[in-house]
Amino acid sequence: GAVVSQHPSWVICKSGTSVKIECRSLDFQATTMFWYRQFPKQSLMLMATSNEGSKATYEQGVEKDKFLINHASLTLSTLTVTSAHPEDSSFYICSAHQAGGAYYEQYFGPGTRLTVT
Amino acid sequence: TQLLEQSPQFLSIQEGENLTVYCNSSSVFSSLQWYRQEPGEGPVLLVTVVTGGEVKKLKRLTFQFGDARKDSSLHITAAQPGDTGLYLCAGQFASGSRLTFGEGTQLTVNP
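Going down the list, the protein sequences come from chains Z and G. According to the numbering used here, the first sequence is numbered sequentially starting from 1. According to the numbering used here, the second sequence is numbered sequentially starting from 118.
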């Protein structure tokens, strides 16, 4: 149980276009989902916290108009990278906190590799 | 700002050697987790510790949580090439679910 999927697993797009990444909790309801980005050989950096039915909370330095997050249901959160640039190329990972679960339990998705050319 | 310092950042050892990775903070953790990540994949949870002084073992891996809940360590005995990967500690400083990650330790075990 407690499986989180991400789609797509990798995507290549051209500069100036927008890309949407989906994060789904497959067998549980997630009241909160988190979005991270990770550069090669580095740790995860939290970008934003997404709560179902409300606006996401962004970390300092993360542009909310560039990284649009929508958490429309208890099993789906989306991250849209708008007007992508090569510096947005990174590994994006989501995690989900199970509704009613222990506060420390978080389940990670397999990640999405974004390459902007 | 609540920071979590992880060391060492890089470690290259020979098969059969032992190693320890450290995770420290000046703040008290409500819980701390250790993850292992392979390239191109998401982190995989190894263990969660919540009680000060707690020790958990997972085969050749031993995890300790400091009595004051400000530090933790991961010890690997007789490392194998299959242990190669990025090891991450992540802590929660309150009962909310937001995680703060350490810088990570890139471990390479050479045959």
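There may be inaccurate statements among the hints.
Computed spacing ranges between beta-carbons, pair by pair [to be verified]:
| hint | chain 1 | residue 1 | chain 2 | residue 2 | range |
| --- | --- | --- | --- | --- | --- |
| 1 | G | H192 | Z | G53 | 22 to 30 Å |
| 2 | Z | S73 | G | N227 | 43 to 51 Å |
| 3 | G | G170 | Z | G16 | 52 to 60 Å |
| 4 | G | P228 | Z | G53 | 48 to 56 Å |
| 5 | G | N141 | Z | S15 | 34 to 42 Å |
| 6 | G | H192 | Z | G16 | 45 to 53 Å |
Worth flagging that the hints you see were computed from the coordinates, not collected in a lab. The structure presented is a predicted model; accordingly, all values stated were derived computationally and were not measured. Idealized CB from N, CA, C, for every residue including glycine.
Query - Ascending list of hint numbers which this structure does not respect - result: Failing hint: just 1.
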